[in-house]
Every structure is written in structure tokens, then in C-alpha cells.
Amino acid sequence: MVCDWGMAIEMGRPGVDGLGYVVRVMGEWQCDGEPLQLHPGDVGWFWRFGAERTAEAVRTWSRAGEVLAVGLLDGAELLRLAFAPEALRDEELARRVAEDVSAPERGVLPGGEAYVEAPTGAVVQDLLSEHGWKSGEPWTPLRRDLGAPVPDPGVRVEVIGPERAHEWAAVVRASFEGSTFTGERWHAMAAGAPYAGARCLLVRDEQGEAVAAVSVWSAGEGRPGLIEPMGVHPAHRGHGYGRAVTVAAAHALQGSGSSSVVVCCPSSNAGAVATYRSAGLDPLPERRDLYRDAS
Numbered sequence: 000m001v002c003d004w005g006m007a008i009e010m011g012r013p014g015v016d017g018l019g020y021v022v023r024v025m026g027e028w029q030c031d032g033e034p035l036q037l038h039p040g041d042v043g044w045f046w047r048f049g050a051e052r053t054a055e056a057v058r059t060w061s062r063a064g065e066v067l068a069v070g071l072l073d074g075a076e077l078l079r080l081a082f083a084p085e086a087l088r089d090e091e092l093a094r095r096v097a098e099d100v101s102a103p104e105r106g107v108l109p110g111g112e113a114y115v116e117a118p119t120g121a122v123v124q125d126l127l128s129e130h131g132w133k134s135g136e137p138w139t140p141l142r143r144d145l146g147a148p149v150p151d152p153g154v155r156v157e158v159i160g161p162e163r164a165h166e167w168a169a170v171v172r173a174s175f176e177g178s179t180f181t182g183e184r185w186h187a188m189a190a191g192a193p194y195a196g197a198r199c200l201l202v203r204d205e206q207g208e209a210v211a212a213v214s215v216w217s218a219g220e221g222r223p224g225l226i227e228p229m230g231v232h233p234a235h236r237g238h239g240y241g242r243a244v245t246v247a248a249a250h251a252l253q254g255s256g257s258s259s260v261v262v263c264c265p266s267s268n269a270g271a272v273a274t275y276r277s278a279g280l281d282p283l284p285e286r287r288d289l290y291r292d293a294s
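If you count the sequence shown from 1, position 144 lands on 143 in numbering that gives the first Met the number 0, and the numbers rise without skipping.
Among the clues, some could well be false.
[Said to hold, decoys possible] Computed beta-carbon distance windows for the label pairs: (1) G146 with A50: 29 to 39 Å; (2) P233 with L77: 22 to 32 Å; (3) R94 with G207: 54 to 64 Å; (4) E98 with G207: 51 to 61 Å; (5) E157 with A190: 15 to 25 Å.
If you're looking for bench data, these hints aren't it; they were derived computationally from the structure.
Don't be surprised by glycine CBs; every beta carbon is placed ideally from N, CA and C.
Turn these sequences into a full structure, and let the hints guide you.
Structural data, given as C-alpha cells:
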């Protein structure tokens, strides 16, 4: 447990200029063997909304100038958290985070219905329960070790640059109901600090039509890399493209020096879990969000 009783915990907002530092710190927290948590790639994917909105969505908790926890408001009612590994059981830090998250006047989450995603084993989960938060939807984390060779995905794979952004965006938009992703948002995402270690991949069928898309995000050499998002165009499902694009993602992350590839999806999405498993990712123990209902 990290303790320095002479130093108060401070919550802050990094601003646009501080986002790069926060992303680097979060990358250092990503370790195999530690609980899956908010990844720099999650911030990178959020960056599709632009740097200003990303800065508005990020919160940090620090002691003596050292950032020990980061939160991302992934929508108005969901806060996703990451902690320095040595701070997961820091009760003073967890108490401050739980208080800030539970009090609408502190400007983290609104009153009423809200959700918090925290890493498994973090003491903040226990303290949030004391504030009336309840166990919510189960999620399945999955992981593939990249120490062994990754097979060829067996499909045509392209690394997408600015000239093909609109085509990649079209597949992503079609893959997720309600998605508003566009080529312009791809350009905003690609301008963000996390994208320095990222790649967008596109799979084509034998006729050259774009059928599946994925983004992979590195946290640095020797650290877990993230898949976010992965999608297959509805008109081309059932042909193994989900497995193929996931294998391509693992291959790309291995080439960048990542130690493993990780992803997390709702346990209720059995098709996605099955796709990731078919691509060699092993499911880890389920975890659950915490929620507070409208009452």
C-alpha cells in the first residue's frame, strides 16, 4: 500500500498540453500479470472526438505531483479507471477517488444513474460499495501471449493511412449499430498522442472489398497492446473475417514489440468472445462494472 500521510491526494484535469504525459504514465502501468484496466489505447480511441473533448473527459488523482490514478469519462455516465500497480491497494487514494466519484458536485459523474469500471482487486471497488454502488454487468477480458510466433492471418491486410481513412471508417461505422464514426474522426484520432504506437488495419476479401477493420494500440515495448475497436461489416459476417482481422492485430502488435494482446467485451456478446477465442485469445476471469441507479 502506498502511503505518505503528509501529502494530500489531489484530483485534477490535465488539459490538452498534459494529455501526452498522462498517456505515457498509463503506458507504464500496463503489465502482464496485473489486472486488465484502462489502457492508453482507450484514451486514443476516445481521441476521435478531438483533443479538447478528450482533455475534458480525463481526470487524474495525484500525491506530491505523482499521478497515481487516471479516469476517463467514456460518455456522460461511465468513468473508467486505471491505477499505478503499487496504488491498487492504497486506501487513502481509493477513499478520495470513491468520494469524488460518488459526489456529483465534484464534477466527475452526474447524480443518478452512473457506472464505474475499475480494475479487479482495486480497493476502490470495496469503498464504492460503501457509497451504495452495486455490482453490474459482467465483462470478459481476453489475452494472447505474443512470445510465440503468430500465424499469417490468411487474408489481405492493409495498414490504413490518411488516404484510406474514409474506407476504414465506413467499415467501423457499419459494424456497430448507432456508430457515427467518419473519416474526419479518424484524422482526429490519428492526431492524438496515443496513435504514435497504433495502427489501423483493414481486411479485404478476394474481390478487394473492405470487410473488416481493427485498431491496435501499443503501450510500449514489452507491455500489453490493446484491440479497440474490431468490427466486421454485417454483409460479410460468417466467413471468418473476425478471426482473421484479430490474428492480423496480434501479428501487428507482436511486430511492434508488445508482450501480449488484450481486449475486453461484454460477456453477453457471445459471438465476440467466440471470435476472439478462435483467434487464440484466452478468456480471463470475468469482471463486473459497478453501477448506481437513478434512485
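Taking the hints in turn, this is what the structure says about them:
no.: 1; hint: G146 with A50: 29 to 39 Å; result: holds, 35 Å
no.: 2; hint: P233 with L77: 22 to 32 Å; result: holds, 26 Å
no.: 3; hint: R94 with G207: 54 to 64 Å; result: holds, 57 Å
no.: 4; hint: E98 with G207: 51 to 61 Å; result: holds, 55 Å
no.: 5; hint: E157 with A190: 15 to 25 Å; result: holds, 21 Å
Comparing the model with each earlier hint shows no violations; every hint is respected.
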